[in-house]
Amino acid sequence: MLPELSSLHRALTPVLLLCLAALISGCASREERIQQVQAEANAALFVNDSATAIEALSQGLEKYPDSNELRIALARALQNAGKLEEAAAHYEEAIKQDPEADQLWVKIGEIRAKLGQSQESIRAFEEYLKNHAGDFLAWKTVAIENEKLGKLTDAIKAASKWNEITPSSQPALKIGQLYLLSNNTAQARSWFSQAAAYGDTHAAKDAFAELIKLETGLSQLEQAQVWLTQYQQRYGNDLSDPRVRESKIILDNWERARREIAEAAAALEREREELEAQRLADEKAEAERQAAELADSLANQQPAEDPTASPATTPDGEANADTGRAPLALFEDETAPDTTPSTSGEDDQPAQSNDLALSAYEAAVAAYESGDYPAATAAFWELLGENPDDPQIWYRLSLTYFAQQTWYDAENTILQAKSLAPRSEVIAHQYLATIINTQNTNRVLEEIKAHRLLFPDSPAIALTLAQTLRNANAPKNVVVAAYRDFLSIAQRGETGYQEAIQYLQNGN
41 MLPELSSLHR ALTPVLLLCL AALISGCASR EERIQQVQAE ANAALFVNDS
91 ATAIEALSQG LEKYPDSNEL RIALARALQN AGKLEEAAAH YEEAIKQDPE
141 ADQLWVKIGE IRAKLGQSQE SIRAFEEYLK NHAGDFLAWK TVAIENEKLG
191 KLTDAIKAAS KWNEITPSSQ PALKIGQLYL LSNNTAQARS WFSQAAAYGD
241 THAAKDAFAE LIKLETGLSQ LEQAQVWLTQ YQQRYGNDLS DPRVRESKII
291 LDNWERARRE IAEAAAALER EREELEAQRL ADEKAEAERQ AAELADSLAN
341 QQPAEDPTAS PATTPDGEAN ADTGRAPLAL FEDETAPDTT PSTSGEDDQP
391 AQSNDLALSA YEAAVAAYES GDYPAATAAF WELLGENPDD PQIWYRLSLT
441 YFAQQTWYDA ENTILQAKSL APRSEVIAHQ YLATIINTQN TNRVLEEIKA
491 HRLLFPDSPA IALTLAQTLR NANAPKNVVV AAYRDFLSIA QRGETGYQEA
541 IQYLQNGN
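The sequence shown lines up with residues 41 to 548 when you count with this note's numbering.
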């Protein structure tokens with residue numbers, strides 16, 4: 041029996057080897073044929089013969105319907121030929137066959153966007169973002185397509201993700217534009233300002249133009265003039281942007297009107313002074329004339345001198361009364377006795393007032409400290425028109441907005457101060473105090489931690505970090521560490537010292 045099995049085995053072995061060879065040959069032949077189809081299609085595409093390429097790939101896919109390589113190649117050929125719907129359908133089928141090929145959702149999203157199918161485009165990109173959430177270009181496209189649909193809230197969320205991944209002038213500008221479309225002027229102004237602060241990029245230039253147009257449209261002409269000055273400092277007299285060009289015409293007219301009004305007021309003041317001087321001269325001449333007439337009259341009424349009269353029998357006062365000589369200063373070289381209330385105080389008052397007059401900056405600060413915030417705001421903006429690069433004025437203006445709880449204007453102006461004086465601890469601390477009211481907690485904490493490293497000896501910034509962590513319900517050990525960090529550099533009696541001690545002792 042064993043010899044028979046052995047002979048059978050020897051007989052079957054060649055057959056099995058032939059079958060295996062045929063199978064391998066078939067597989068090799070399949071791959072070769074697929075590659076041949078692709079080569080034929082590529083050759084056709086090389087000479088811009090899309091029709092031949094599509095036909096070859098379609099026939100190949102009919103023979104090998106499970107070949108994703110041919111399906112994707114066909115989709116690309118269809119896309120290049122402008123047959124976008126068919127291309128998108130093949131891309132979707134390719135993803136169904138191979139879920140790992142989910143990057144094809146980007147192709148689908150781009151095709152749908154090109155076809156004007158914004159909702160389908162958003163759906164495709166959302167599928168892609170499930171596994172590729174860090175792709176800022178995908179978030180950018182989602183923001184743009186949502187904007188086309190008028191879904192501004194969703195567009196702002198997508199643009200915010202874009203900005204979170206790559207903070208720069210482009211996403212900041214887009215967020216500002218979306219807020220402007222939403223009629224949220226304060227947020228729009230803040231984001232435009234952030235975009236403009238990034239530097240010499242096209243988006244930053246656009247942001248400046250948006251700011252200038254926005255403030256001009258709101259008739260905030262002092263603010264608009266400040267932004268225009270900064271725009272010209274950075275980009276020169278480039279008026280190619282219609283937003284800047286049209287705003288400059290308005291601002292030039294406003295400035296000319298202000299100058300003409302000032303000149304007219306000055307002319308009126310000069311005329312008033314001349315009339316006043318003439319009146320005083322006329323009054324003086326009239327007084328001198330009347331005094332001369334009075335002197336002549338008294339001289340004519342003087343009785344003849346009685347040689348027998350004894351001077352000793354008449355008191356000095358009565359003699360003066362009899363002679364009628366009034367103690368008047370009739371001429372400039374005479375000195376009148378001090379018989380009337382002195383007017384020297386009134387004469388000296390203008391000089392004294394000039395000595396005590398506040399400067400424009402001091403007047404603005406005084407208005408702020410007295411709680412007259414509208415007057416302070418207007419005064420600081422006017423000062424910025426002459427001193428746009430003064431961080432102290434920007435800082436004071438931000439404090440004024442902060443006191444009115446106009447948070448986004450406060451952030452906008454403190455950012456300007458910070459860009460002009462990046463090493464100022466006071467400005468940095470005010471910036472952190474401001475963004476607590478405008479940014480989400482995670483962003484605020486990131487900013488505070490960065491500034492804590494930038495200002496390692498600042499108790500105020502260390503305290504702000506501890507308080508923010510505490511208000512965000514951070515783990516107790518994290519808050520404790522932050523308060524200890526504050527105490528390590530704070531002096532006894534400093535703001536927050538007792539608060540830190542109490543928290544470390546009681547935990548609240």
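Careful, some of the hints might be misleading.
Claimed, not checked - Label-pair ranges, simulated between beta-carbon atoms:
#1 THR481 x LYS170: 22 to 30 angstroms
#2 ARG312 x ARG285: 38 to 46 angstroms
#3 GLU300 x LEU155: 50 to 58 angstroms
#4 GLU465 x ARG312: 45 to 53 angstroms
#5 GLU409 x GLU328: 19 to 27 angstroms
#6 LEU177 x ARG298: 42 to 50 angstroms
#7 GLY257 x GLU409: 48 to 56 angstroms
Worth flagging that the hints you see were computed from the coordinates, not collected in a lab.
Quick caveat, the model's predicted, so the values are computed rather than measured.
Glycine is no exception: its CB is placed at the ideal position from the N, C-alpha and C atoms.
Against the structure, the hints come out as follows:
no. : hint                                : verdict
1   : THR481 x LYS170: 22 to 30 angstroms : holds (26 angstroms)
2   : ARG312 x ARG285: 38 to 46 angstroms : holds (41 angstroms)
3   : GLU300 x LEU155: 50 to 58 angstroms : holds (57 angstroms)
4   : GLU465 x ARG312: 45 to 53 angstroms : holds (50 angstroms)
5   : GLU409 x GLU328: 19 to 27 angstroms : violated (51 angstroms)
6   : LEU177 x ARG298: 42 to 50 angstroms : holds (47 angstroms)
7   : GLY257 x GLU409: 48 to 56 angstroms : violated (32 angstroms)
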